[in-house]
Amino acid sequence: MNEMSKNENLDIQIYNFAYLDENTKRMIRRALLKALCIPGYQVPFSSREMPMPYGWGTGGIQVTSACLIPKDILKVIDQGADDTTNAVSIRKFFQKTANVTVTEKTSDASLIQTRHRIPETKLKEKQILVYQVPIPEPLRFLEPRETETRKMHALSEYGLMYVKLYEDIAKHGHIETAYAYPVKTNGNYVTDPSPIPKFDNPKMNNSPAIQLFGAGREQRIYAIPPYTNVKSLDFEDYPFEAMKANFKCSICGSSDSYLDEIIVSDDGKRSYICSDTDYCKEQTKLNSKKED
Amino acid sequence: MENYPFSENSINSSIAFRSLVNATSYPGRTFQINKLNKPSVLSNAAATILITLCDNESNVYLSKEYNTDEVRNWLIFNTGAIISNKKNADFVIGTWKSLLPLNDFKIGVPEYPERSATLIIEETKYKKVKCNIDGPGIKNKLNIDLPNPELFIENNNLYPLGLDFYFTNDLEILSIPRSTKINIIKSEL
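So the protein lines, in turn, are chains A and B. The first sequence runs 709 to 1000 under the numbering used here. The second sequence runs 16 to 204 under the numbering used here.
In case anyone wonders, no lab produced these hints; they're calculated from the structure. Be a bit skeptical, because a hint or two may be false.
The calculated DSSO-like cross-link candidates involving lysine-lysine, where the alpha carbons are at most 27 Å apart (straight line), are [unchecked claim]:
| hint | chain 1 | residue 1 | chain 2 | residue 2 |
| --- | --- | --- | --- | --- |
| 1 | B | Lys154 | A | Lys834 |
| 2 | A | Lys813 | A | Lys997 |
| 3 | A | Lys859 | B | Lys50 |
| 4 | A | Lys830 | A | Lys956 |
| 5 | B | Lys154 | A | Lys939 |
| 6 | B | Lys156 | A | Lys830 |
| 7 | A | Lys834 | B | Lys101 |
| 8 | B | Lys154 | A | Lys832 |
| 9 | B | Lys196 | A | Lys832 |
| 10 | A | Lys834 | B | Lys50 |
| 11 | A | Lys830 | A | Lys859 |
Computed beta-carbon distance windows for the label pairs [said to hold, decoys possible]:
| hint | chain 1 | residue 1 | chain 2 | residue 2 | range |
| --- | --- | --- | --- | --- | --- |
| 12 | B | Ile199 | A | Leu868 | 51 to 61 Å |
| 13 | A | Leu994 | B | Val56 | 53 to 63 Å |
| 14 | B | Tyr127 | A | Ile722 | 31 to 41 Å |
Quick look at which bits of chain B chain A covers, simulated, 3 or more residues with Cβ under 8 Å [unchecked claim]:
| hint | segment |
| --- | --- |
| 15 | 25-31 |
| 16 | 39-47 |
| 17 | 61-75 |
| 18 | 152-164 |
| 19 | 172-181 |
| 20 | 189-201 |
Quick caveat, the model's predicted, so the values are computed rather than measured. Virtual Cβ for every residue (Gly too), placed ideally from N, Cα, C.
Chain A on its own, in the form it takes in the complex (with noise of 0.2 Å):
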């Protein structure tokens, strides 16, 4: 086995490019064009198992099998970081199957696969970003009935959504929801930007890059193409606010990146580091370079 997989390959020859067989892709990939025809509209698709577990990025991986080309150059994230498991194993897999080069570096990647972030790098023309989505229904939590939730995007019936917002204010002040915070999507469909912090929202507005997004278990993908309005909902009175905690990162001293709060002594003294840690490290040798 080890012999097998060090021959390159001989690992390409035991899986299709990319893994999936060529008729799921013509069906995913028919579904992804669909999808940006009628962007934030979910085209359902027949997921297929994949060898992972659901909730670990099933449907974005589908997607990223069905997009990937030799030349494409791979990052994979998960909260923002090149280095946790998940990442770690989906660039892994795409490596052994696909065979493709892979990069940490937001700006030299052409297809990005992301868990719950955004890159703070700004992202470019035919970029592509895939994003992994858990429950793409934005309305779900509000109506469990598929044929409802289908009916009211159909009749763009988005009262229930703003109730739900209008409810969060009169309770707390504010409106609570901190992620997977929904957006409007060219006017039309309220979408679900899938769990990325608030702060990422106005990242998915007339982004450059091609945003998709796939959801495994729940059997739906949805697009967002380049320079597409995407508006967070909100109130004339309480407006949308992208908010992130008020502190430093504690490696590279960037006050304008998404932080992650982590406590670093037994007594709970807390610490702010950039979740995104391709930015940190870009941010980290630029500092050293102004002290040179």
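Based on the hints, put chain B in the right spot on chain A.
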């Protein structure tokens, strides 16, 4: 293997699909397609769309010029696609004139807007009208030439229902999805 459409099926189709993703994501811009083995009447770009996307679940309507033994046999042998009428077609291929009127093609239903036809428009010898387009995927408004722009305006008015168009010209592809808004600049002969 020289009779197969692609020399390396999974590699060539992935590269072809990337061009389709880019074209669909950036409407009104031209993207390149590679050559493949195909019937002489089809353009490389149109043949690539069919080979990359069609399988035995796809209904394909071929307009008169394309409904030949050569095209039918090639398509059915390589993809298993079903040759269909206008009403049921998922993929439609033809010259602009031969596909009019567009009313017969399916535009999806409010609950399932994706159940709509994708039209592949071959050859560019139609009467051109200068138009200005805007919408998702378009950074700054673009000027392009379209045939009968009033039909594209009508199609956009159906949004989120509607037809999605690919214009093919030998090795080039350009898309006008239903989400694209069209403004007529002026008519020209």
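Okay, the hints, checked on the actual structure:
no.	hint	verdict
1	B:Lys154 <-> A:Lys834	13 Å, holds
2	A:Lys813 <-> A:Lys997	18 Å, holds
3	A:Lys859 <-> B:Lys50	43 Å, violated
4	A:Lys830 <-> A:Lys956	20 Å, holds
5	B:Lys154 <-> A:Lys939	17 Å, holds
6	B:Lys156 <-> A:Lys830	22 Å, holds
7	A:Lys834 <-> B:Lys101	34 Å, violated
8	B:Lys154 <-> A:Lys832	12 Å, holds
9	B:Lys196 <-> A:Lys832	24 Å, holds
10	A:Lys834 <-> B:Lys50	22 Å, holds
11	A:Lys830 <-> A:Lys859	36 Å, violated
12	B:Ile199 <-> A:Leu868: 51 to 61 Å	40 Å, violated
13	A:Leu994 <-> B:Val56: 53 to 63 Å	58 Å, holds
14	B:Tyr127 <-> A:Ile722: 31 to 41 Å	37 Å, holds
15	25-31	holds (count 5)
16	39-47	holds (count 3)
17	61-75	holds (count 6)
18	152-164	holds (count 3)
19	172-181	holds (count 3)
20	189-201	holds (count 3)
Of the numbered hints stated above, those contradicted by the structure are hints 3, 7, 11 and 12, listed in ascending order.
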